[in-house]
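Chains as they are written, first to last, in this note's numbering: chain Y, 617 to 891; chain E, 18 to 381; chain D, 46 to 306; chain Z, 91 to 524.
Keep in mind the hints are simulated off the structure, nothing from the lab.
Just so it is clear, CB atoms sit at the ideal spot from N, CA and C, and this is done for glycine as well.
Just so you know, not all the hints are guaranteed correct.
[Claimed, not checked] Facing chain E, from chain D, some residues (calculated, C-beta under 10 angstroms):
#, residue
1, SER193
2, ASP214
3, ARG216
The chain contents come next:
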Amino acid sequence: MEVVEGRLIPKPAVIEDVVDEAPNVRTFYLRMPEGYPEPKPGQFNELYVMGVGEVPISVSDVTQEGLVAHTVRVAGRVTEVLAEASVGDVIGVRGPYGRGWPIEQAVGKDVLIVAGGIGLAPLRPVIRHIERNRAKYGKLTILYGARAPRHLLYKYELEKYASIPNTELLLSVDKAEGPWEGHVGFVTDLIPKADIDPERTIAMICGPEIMMRFTIKRLYEVGLKDNQIYLSLERRMRCGVGLCGHCQMGPYFVCKHGPVFPHWFIKKYFWVEQI
Amino acid sequence: MVSGGIYSGKFGELRKLFNALRLRGYRVIAPKLEDSVIRLKEVTSFDEVPYGWEDIQAPGKYSVREGGKHFRHGPDAPKRILYPPRLELFRLRPDWSVEYPKERFPPTALFAIKPCDLASISVMDRVQGGIGDPYYLALRKKLIIIVENCVEPGATCFCSTMGTGPEARDGFDIAYTRLDDDLVVFRPGSDLGVELLSELNIEPATDEVLRKYYDALKNASLKAKAPFELERLPDELELGLNSPVFKEVAERCFGCAGCNMVCPTCFCFDVIDEPELDGGAVRVRVWDGCFSYTYAEVAGGNFRKDLWARYRHWVLHKFAYWVRQFGVFGCVGCGRCITWCPAGIDLRETIKSVVEWVRSRGGS
Amino acid sequence: MMRRKLKVAVFKFASCSGCQLQILNMEDELLTLTDAVEFTYFLEASRATAPGPYDVTFIEGSISTPEQEELVRRVREESRILVAMGACATAGGIQALRNWLRLDDVKRAVYPNPEWVKALEHSKPVAEVVKVDYELRGCPVSKERLLSFIKQVLVGRKPYLRREALCMDCRRKGNVCVMVAKGIPCLGPVVQEGCGAICPTFGRGCYGCFGPSIDARPEALASRLREIGMKDRDVARLFKGFTGWSEKFRKVIDELEGGAR
Amino acid sequence: MTGNGRESLEIRVSNLARVEGEGGVYLKVSGGRVEYVEVHIHEAPRFFEAILKGRHYLEVPDITARICGICPLAYVMSSSRAMEKILGIKPHEEVFKLRRIAYLGEWIESHVLHIALLHAPDFLGYDSALQMVEEHGDFIRDSLKLKAWGNRVLEVVGGRPVHPVVFRVGGTYRIIRRDELLPLLKRVEEMKRRARRVLEFVANLPMPEFRQDITYVSLRNDVRYPILEGDVVTSDGERFKEEDFEKRIEVEQAKYSNSLRYRLSGGRPYCVGPLARFNLNHDLLAPEVKDKLAELGIKAPLKNAFQSIIARAAEVYHAVVELDELITSYREPPQPYVEGEVREGEAAAITEAPRGMLYHRYRIDSEGFVRYANIVAPTCQNYVAMEEDIRRLAPNLLAMPREKAQWVVEQAIRNYDPCISCSVHFIRLHIINN
Ligand SMILES: Cc1cc2nc3c(=O)[nH]c(=O)nc-3n(C[C@H](O)[C@H](O)[C@H](O)COP(=O)(O)OP(=O)(O)OC[C@H]3O[C@@H](n4cnc5c(N)ncnc54)[C@H](O)[C@@H]3O)c2cc1C
Ligand code: SF4
Ligand code: SF4
Ligand code: SF4
């Protein structure tokens, strides 16, 4: 008789805090199980609700006390139940998985963040990292768009991003709905408005795929090259560790080769219809 | 005395070899005729192995007849044994403690499998083994492989194009070849193979036998060819990503994912999380395939909602992406996806057409 | 995970009762299940009935009379989750074969006093009358799927059951494809998984009781069947079974029969 | 009529519970006289007879199975046998055995369902069997185990308990291997024990006093307890061939019912089903069943319709015993099925569904397509008897509190384990003939 322990086993984590971010979006601060490694910006975890299922969710913050935040948008069966969880509840976690943002390569460079909707979540740790290591990086530009003002994430700290030294924050919404001083339109419209030095910028993009394609086109226009552009991809995932096959995009497994890819790396496939 | 050479003996030595495996306590999995199909099943007697039977395979068609000299692989690949179609991974109790199913992985011998299937195991070694799938490794560790080289490849075989047959190169314990009714050539491929062969009444092959052997295999290799070459194939296929061929073929495809299921290397799985009435849960792994609609579906969209895109992904994965991912082709040329396609679609034709399309446009 | 008992109702319309029987066929689980589930309306099992609202209502049977149309609307109002259960409720059932015939002829063929018998022009799937939240397919539904469905509702998740082609399940199970090996026509490639591929397991082709799979291409299967020598009318009859009235199969049938209805 | 003061009573149960299908019962007694008794069937008509026309003979068993999810196999068997007569097929003896095995599985499953889940609660005053668990847990558990085993038989032989898939005209789609069946025997002794206990339990239920005056009708073959073959016999002493059945019955359509109803020639109400089978064939029950019945002091014939539950339980016990023998002696046939010569013809066949005789008649054309079909389901044959029983019960009912009276009326119907789903589809149908 032989018992085989597999991977794919969620370990219990306790929800220590829940923050309502926007309609149908909540952030869960988790006390991770013992032995859980510190996640790097851009990495994700598999979150599991007992008997309900598992979803890949990016780490959206690591607090000073070591709580790991996940910002979850209700999208389907699992996220719907997950979003109902409250402080004290236990959920399962595995991770951290994937390759994150190029924070090392970006040392000494300007960083441009372009985020759409929930796409800001995996980029928040980058902002945090730059804030904490401010001297190591050049200018930080944050371009963030959401459907409407009330859909913006992290409203309670968004403005503070602008007060990080040498940082430009531009916001955009598809539809204004009430008082709104920022841009109305696509987040990509902000690119020409921002002050970007194409020679020394590393761009990090996360959002819906078409938004990312438009962004890349705009970045070309301002003079960025493929090797300066990084994007975080999304694909169906059932395992998160390169076993189940679902997340393939061309020859790449988004879960382990990504989710963050340099654009030059995936360019050949990324633009192909239904690849 | 046996060491790493080529030996010959009578047909009866195969029986001895089979029995030796059983005596050593191996569960022997071998070809077996069941309801007019050659299956890969546990076999307890050598007489169950369908020597004297032949299968006839064509796109979407399969039959057997008695009196033929050489059988080939049926629908079951070693994947079924090493990577079961449905596997309960674990149960979680309500307090989050984990319970593992007490599965037994008995020492297993694969007997008389074909070189393409042997090759599929080495592909799986790179895929499942490479990523450390513990279930796979637990079974793989105890596996012994006796392979039967192919003297007569079938009509859907293209192992010689894929470089996986009709002669097994490595990764086996013993390879044997049936040259004629009572002449069998043996080759050990491991220490265990040498040990097993020493128990047989065989002798180093004479020059005449050797000549016969090489001729037979050479002949066979001329037959198991596909209408394309491997050289530059991955690149050519990637140049053909926008070829209309995929859409044309997909018109005939049902999207049933049968090919994914019979392919000896397709490894995708779905995870099924199911609640239990007591508040715990169970996680089950089942074979999935890239032809299934939900395969690339996410909340709010589907990356490959059209069947042609799924079909293209499959072909590209096997013949291009796989090479980039694991350093080998994902196809071993067994032809199962051709024979067992209920729509009778011939993968070889698809590839040929895509390559032609690419070349006609000056690509490559 | 379970807070209060789930109120479950089972209503029967035009059907054979086989699907509700599948509930009573959960012999092993029935007694545990009743700890979490209260069958508040289940005439086949109990005299005692309670009025709605119900958490989950399973509808068995197709809608085939004016009274049934009325009733199912009322039931819809009383139900939080409405589940169409089985081939009748999801596709009109075998009785929907009459939909290709003229109702008057049908009545006359069966009853000496046809004018006494009330029936709708068509035997309809529930979704043609009211909004359906979930479909549990099959003729009958699968007991395993039914149980899984209930467990998933209990745990608070929107139930999910794979809806891919039967072939996948068939081959996972280790069946030999009957189309390829025996030349037996099989609907497996276009029928939703769920039964465990019983027919091929028992040596015959699938006759379609789970209806079209999620992305079924019956037209491709139909042309393959013709290519291997089947006559149009025989292909049409193959599709014209328990789920023949489902949109996808109906289309193929009508094409094969030259649009005759 | 009775001394208890009440002269009139009106009962309207528009949705009968614990029956398979949708029906109601209406009774009106005034001035001590029964004005009417009507068993209403509002199950929606499904027009099978019309649907069958033009279908290939091989499809008929699968289609007719859908008339009833509780006894689908009965439909498969009656239609297959009728077709086999037309095509001149004689299935292999082992196939016959297999059919009997499956059929007995269905009897167990269907009978136990009725005994425990639908009928027993009546005798003890429960709304449903689930309420009985506390006080009669053993009985419910025995029953569920038996039912599960009966279902298991059907799963092994036919793929699933409801609408099994393996049987076809001429045999089975594939050979059922002996090694598939044998594991069933592991539990057979346990099932015998449980069946005995269920029989004991129902034999000791409080039975209302009641005596029917009715004709019992069933198959009889003098060799085995009847299931798949035999002549039709009646408790009035008649005996005739299944082919002649239609000549011996009279059909009527009631305006209040979607089902046709039948009488024996001369307008005699009759009853089919376990009670009838038991009364006409008790000599053919397995010896241990007979012993047990004797021990419990039960003597045939049983003329109290309420005792049908005992007949059912006896048949369950018999079925387990016979399954033991059949499975033990089963050998794989050389061919799964025998192909017949497709030719024009007409034939009828009767088999004993759990609820009684199920009659099928078909005419097919030279290509094997159905031209004409007539099916008489067991329950339709019992409607007149049900009404008759209630009529006879009326005097007792007047003496009861209303609630109780209604319950007894419902119970009088449940005595027949009516399968309403079955009953609406059969009418003396004349399929449009062209
Ligand atoms: C690397 C990565 C990081 C992500 N980070 C976040 C995040 O920070 N916040 C957030 O709200 N969402 C994030 N998502 C998306 C999130 O995973 C999906 O919204 C979620 O899986 C939907 O699951 P569901 O069960 O609610 O939906 P359903 O549609 O019911 O999905 C069922 C199953 O399909 C798979 N699936 C469905 N959609 C996706 C998807 N978009 N990506 C991957 N698998 C999917 C999952 O396995 C899921 O359990 C991320 C996705 C990826 C791949
Ligand atoms: S792709 Fe086809 S031919 Fe290649 S290994 Fe898979 S099944 Fe065999
Ligand atoms: S037998 Fe039918 S369901 Fe099974 S693989 Fe073949 S076509 Fe698909
Ligand atoms: S194989 Fe097809 S016809 Fe047979 S039971 Fe399953 S869904 Fe129904």
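Query - SER193 of chain D as chain E interface residue, shortest Cβ-Cβ below 10 angstroms - result: holds, 6 angstroms
Report task. Hold the hint about ARG216 of chain D up to the distance rule: shortest CB distance to chain E must be less than 10 angstroms. Result -> holds, 4 angstroms
Requested in this report: With a cut-off of 10 angstroms on the beta carbons, see whether ASP214 of chain D makes it to chain E.
Outcome: Holds: closest Cβ of chain E sits about 9 angstroms from ASP214 of chain D, inside 10 angstroms.
In the structure shown, no violation is registered for any of the earlier numbered hints.
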